[in-house]
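Participant: The task is simple: from the sequences and hints, build the whole structure.
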Amino acid sequence: MEILTQVHEKNLVAWAKDKPEVVVFSGDLTGSTEITLFKKTYPDRFFSLGMAEQNMMSFAGGMARDGFTPFVHTFAVFMYRRALDQIEMSIAYPNQRVRMFGFLPGIMTPGGVSHQAINDVGVLRTLPNMTVLETGDATDVESVLDVAQAVDGPVYIRMVRKDIPRLFPASERMQLGKARILSRGTDIALVTAGICTEEAMRATALLEKQGVSISHIHVTTHKPFNDPAVAERLAAARFGVITMENHTTVGGLGSEVAEMMAETGVSTRLTRLGIPDTYAHGASKEYLVKEYGLDAISLVRAVEGVMNQKFGISEEALADVRLSEFTGEMQLEAL
21 MEILTQVHEK NLVAWAKDKP EVVVFSGDLT GSTEITLFKK TYPDRFFSLG
71 MAEQNMMSFA GGMARDGFTP FVHTFAVFMY RRALDQIEMS IAYPNQRVRM
121 FGFLPGIMTP GGVSHQAIND VGVLRTLPNM TVLETGDATD VESVLDVAQA
171 VDGPVYIRMV RKDIPRLFPA SERMQLGKAR ILSRGTDIAL VTAGICTEEA
221 MRATALLEKQ GVSISHIHVT THKPFNDPAV AERLAAARFG VITMENHTTV
271 GGLGSEVAEM MAETGVSTRL TRLGIPDTYA HGASKEYLVK EYGLDAISLV
321 RAVEGVMNQK FGISEEALAD VRLSEFTGEM QLEAL
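The numbering used here applies: residue 21 is where the sequence shown begins, and numbers increase by one.
Just so you know, the hints here were simulated from the structure itself, not pulled from any lab data. Heads up, some of the hints might be wrong.
What the hints assert, rightly or not - Derived BS3-like pairs: lysine-lysine, alpha-carbon spacing no greater than 30 Å straight-line: (1) K182 to K198; (2) K305 to K229; (3) K30 to K182; (4) K59 to K37; (5) K39 to K182; (6) K310 to K229; (7) K39 to K198; (8) K243 to K305; (9) K330 to K305; (10) K37 to K182; (11) K198 to K37; (12) K59 to K30; (13) K310 to K330; (14) K243 to K37; (15) K39 to K59; (16) K310 to K182; (17) K243 to K198; (18) K30 to K243; (19) K37 to K60; (20) K39 to K243; (21) K198 to K229; (22) K60 to K182; (23) K243 to K310; (24) K305 to K182; (25) K182 to K243; (26) K60 to K30; (27) K39 to K60; (28) K198 to K30; (29) K305 to K198; (30) K305 to K30; (31) K330 to K229.
Facilitator: So, in structure tokens, the structure goes:
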């Protein structure tokens, strides 16, 4: 599996070349949010607002009123948690064309509670006019700019950064409101998003060899969440539906799927894998994924529970199923 580095940084500069209305904002995290190259290439279209996120969001709303399209970059927690009132009043309420890039979603940082955006999807999808997207691989990152720019209103994007895999062909670009159907089956409907998709793909590779028929759905649009193809796959699951997300199980993907199931009359069992109703520890991504049950073996155990069967899949066997390999030279996901 191909690994790419600084995908957003390179892509943004090339993409924005013929779009003078696009301006980029930094909340004093220019290097950490992959916009250093944009600053060097288009200095007149770059604004550093410092550690004043509330002001930055109001500033973005004002520039949007004047015909610009601000691309706001910071860590997700400093955006939706610190400046929520400004997002609502200066951007969402007047339906301004502002694109908010939230980095370090969920447990992708050792920074602990102060840096982990574990409920951003749950909070922001309740805002009227707000579109909520999430990237999970290099192809998602490369195509999310076109998706966001086509929305006539505010967009929040959960971004992955630094060294990321390409799970999907570059030609199969993200589409607004449409999930990727990675496989079609009749036993289990598995719905994943973000970094959880790669872990899930490792598990499904072995589960399918054991005869488990799985519909695997990769979600990139959290709001609007109304893809009929997803509802069809949920309804086809004989044993149950499992969601897997780098977010609390309250308000995010699991809640979105539960709402869809209720609204479309799907009455099968729903199992939600995610961060429980708690704040997360500060530790490495590898530790936290295991600690909060977001790894491949946790998914295998969940499938066994739903189907009331044992498949004899061990952590050692899953360790041999690697979709991407990271070298020691690659940067760890820190700050």
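Participant: Against each hint, give a clear statement of whether it holds in the structure.
Facilitator: So, going through the hints one by one against the coordinates:
no. : hint         : in the structure
1   : K182 to K198 : 26 Å, holds
2   : K305 to K229 : 28 Å, holds
3   : K30 to K182  : 11 Å, holds
4   : K59 to K37   : 13 Å, holds
5   : K39 to K182  : 25 Å, holds
6   : K310 to K229 : 23 Å, holds
7   : K39 to K198  : 26 Å, holds
8   : K243 to K305 : 26 Å, holds
9   : K330 to K305 : 28 Å, holds
10  : K37 to K182  : 22 Å, holds
11  : K198 to K37  : 28 Å, holds
12  : K59 to K30   : 12 Å, holds
13  : K310 to K330 : 20 Å, holds
14  : K243 to K37  : 29 Å, holds
15  : K39 to K59   : 15 Å, holds
16  : K310 to K182 : 21 Å, holds
17  : K243 to K198 : 10 Å, holds
18  : K30 to K243  : 27 Å, holds
19  : K37 to K60   : 13 Å, holds
20  : K39 to K243  : 26 Å, holds
21  : K198 to K229 : 28 Å, holds
22  : K60 to K182  : 19 Å, holds
23  : K243 to K310 : 28 Å, holds
24  : K305 to K182 : 14 Å, holds
25  : K182 to K243 : 26 Å, holds
26  : K60 to K30   : 12 Å, holds
27  : K39 to K60   : 16 Å, holds
28  : K198 to K30  : 26 Å, holds
29  : K305 to K198 : 28 Å, holds
30  : K305 to K30  : 25 Å, holds
31  : K330 to K229 : 13 Å, holds
In terms of the numbered hints stated before, the structure departs from none.
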